[in-house]
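Okay, here's what each chain looks like letter by letter:
2 protein chains.
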Amino acid sequence: MQYHVDGELVAREDATVHVEDRGFRYGDAAFETCRAYGGEVFAWDRHLRRLENTCETLGMPEAVPADLALRVAETLDANDLADAYVRVSVTRGVQPGKLTPREEVDPTVVVQVKPLPRGGTDGEPVWDGHATVQTVKTRRVPSAAVPADAKTHNYLNGIMARLELRRVANEGYQPDEALLRDVDGNLQEGTTSNVFFVDDGTLHTPTTGELLPGITRELVLELAADESFPVETGRYDVDDLRDADEAFLTNTTWELRPIETVDGLQVGTGPVTALLQRLYRKRVEARCY
Amino acid sequence: MQYHVDGELVAREDATVHVEDRGFRYGDAAFETCRAYGGEVFAWDRHLRRLENTCETLGMPEAVPADLALRVAETLDANDLADAYVRVSVTRGVQPGKLTPREEVDPTVVVQVKPLPRGGTDGEPVWDGHATVQTVKTRRVPSAAVPADAKTHNYLNGIMARLELRRVANEGYQPDEALLRDVDGNLQEGTTSNVFFVDDGTLHTPTTGELLPGITRELVLELAADESFPVETGRYDVDDLRDADEAFLTNTTWELRPIETVDGLQVGTGPVTALLQRLYRKRVEARCY
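Protein chains in written order, with numbering that gives the first Met the number 0: chain A, 0 to 288; chain B, 0 to 288.
A hint or two may mislead.
What the hints assert, rightly or not - Only some residues are given here: those of chain A computed to face chain B with a beta carbon under 10 Å: (1) Y2; (2) V4; (3) E7; (4) L8; (5) T99; (6) H152; (7) G157.
Unchecked claim - Below, in silico cross-link-like pairs of lysine-lysine (DSSO-like), each with a Cα-Cα straight-line distance of 27 Å or less: (8) A:K113 <-> B:K97; (9) B:K97 <-> A:K97; (10) A:K136 <-> B:K97; (11) A:K97 <-> B:K136; (12) A:K281 <-> A:K136; (13) B:K281 <-> B:K113; (14) B:K113 <-> A:K136.
Please keep in mind that the hints were generated in silico from the structure rather than gathered at the bench. Backbone N, C-alpha and C fix where the C-beta goes; we use that ideal spot for every residue, glycine too.
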């Protein structure tokens, strides 16, 4: 396996960053997780836009290299991968040991890939089964502390949430996604996913602003709008999700993943989720995004 | 210069971590900044205890290696450094690309050093002048999101705060520390420092719980108690600091650094700050902590 580091293809074992790189020192880096289907990165333009937006938010608007798509393509080619997971990171690079960032940035750019099952209408999901989710005590970092629309290497908030799942493991029940609320108790998102639910024939998902605007989330909302399906974004509490008729999580690798249980309570899938899954897979097949 | 990485002394330019290291990927790492005076790390036991506490909070209680003090000493020796800055990081190591951490941890341990001026009663401060601090819009990450007592590589909250200082720079006025409030507006701490002020003969500093319990902060509180000086920890707003008779910041490298201005308003130093500085320097001289 080869990765792309700082402009060069290198063997995976040699893919390193310096300990003075701010990406290591402070998690001072933007990233995107993408998925390639048949050699093509799905929704690349949207990922690129969000990556640029994160870098802008982090005060390094010029950090994303112009040839990033090429670097990704080279990495996929070098590993002979068509169906793959792709992770792109852009750090603020090596700077002297001061917290205040310098204006001039020499970013470190890393592209990592690994094989994933084929997607599309005949594809298979990357997940083992429907999601079992658990609401946790850990609250989402408010946007006033770190802007919610920035996708960064500061991921301890999600890790603290996932660590809580260790404690609820019992009798073979092991939740696989933690659901975060904001400090006021409003439902926000999973640690690596957005959440949707269907109630009385309307599709609901929490409003962005305090959560990461997921790209799969955005596509699902567009699919629903195309079908003139009733959609509402708003503020919800955990009971709204628990009492829903159907619920699912979205992210780039999972696509749409039905939620089987919330805090041990059955929710499950249904016709709306199935329809949206089918429409999403068609988009994947048609490379339409 | 040589650094200590993963159990080995290596040339600074070869001091790297793998891109799959969780320290890089997620900022999933604990760290301490220490200061060596005359070849001895000041307050090592306190730093070690806090590092272990951070690792415990991050769900990797056994991650700190038993020989960490030795690794630090070897690094100082290898670079022939007696008066130095020492940064120790312990990451959760390389793990497969899942957010949920594995129970078994093979940590990556990094020791970085650089020369600092001699401290103690005849020493010189590492800072250029008294601090100019600015309160910023960025709020401190609440403890409900990431525990405040964990000192980690997730440092974007402080970086966002420091980035705001770019905007207030004018007519030669460039604040050098950003002051964070919590989401409710209570004064908390600087991005790399704790804050103290003296008002009507009493020393004040915000209560821990929502802020990092600084080791210099702790020592200063002990020094004041030893002198039977009136001390109060509590909740304060920015005006309390602006209206104070004296104010200063503390951290391991700065020690006690007087605050010249808050949001452009003069505060300045005075007899209490000077006394505490003198007592602190005596402790450094006596290796007493």
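Each hint, compared with the structure:
1. Y2: 6 Å, holds
2. V4: 7 Å, holds
3. E7: 13 Å, violated
4. L8: 13 Å, violated
5. T99: 4 Å, holds
6. H152: Cβ of H152 of chain A sits 5 Å from chain B, so the hint holds.
7. G157: 6 Å, holds
8. A:K113 <-> B:K97: 13 Å, holds
9. B:K97 <-> A:K97: Answer violated: K97 of chain B to K97 of chain A is near 31 Å, above 27 Å.
10. A:K136 <-> B:K97: 21 Å, holds
11. A:K97 <-> B:K136: 21 Å, holds
12. A:K281 <-> A:K136: 38 Å, violated
13. B:K281 <-> B:K113: 23 Å, holds
14. B:K113 <-> A:K136: 40 Å, violated
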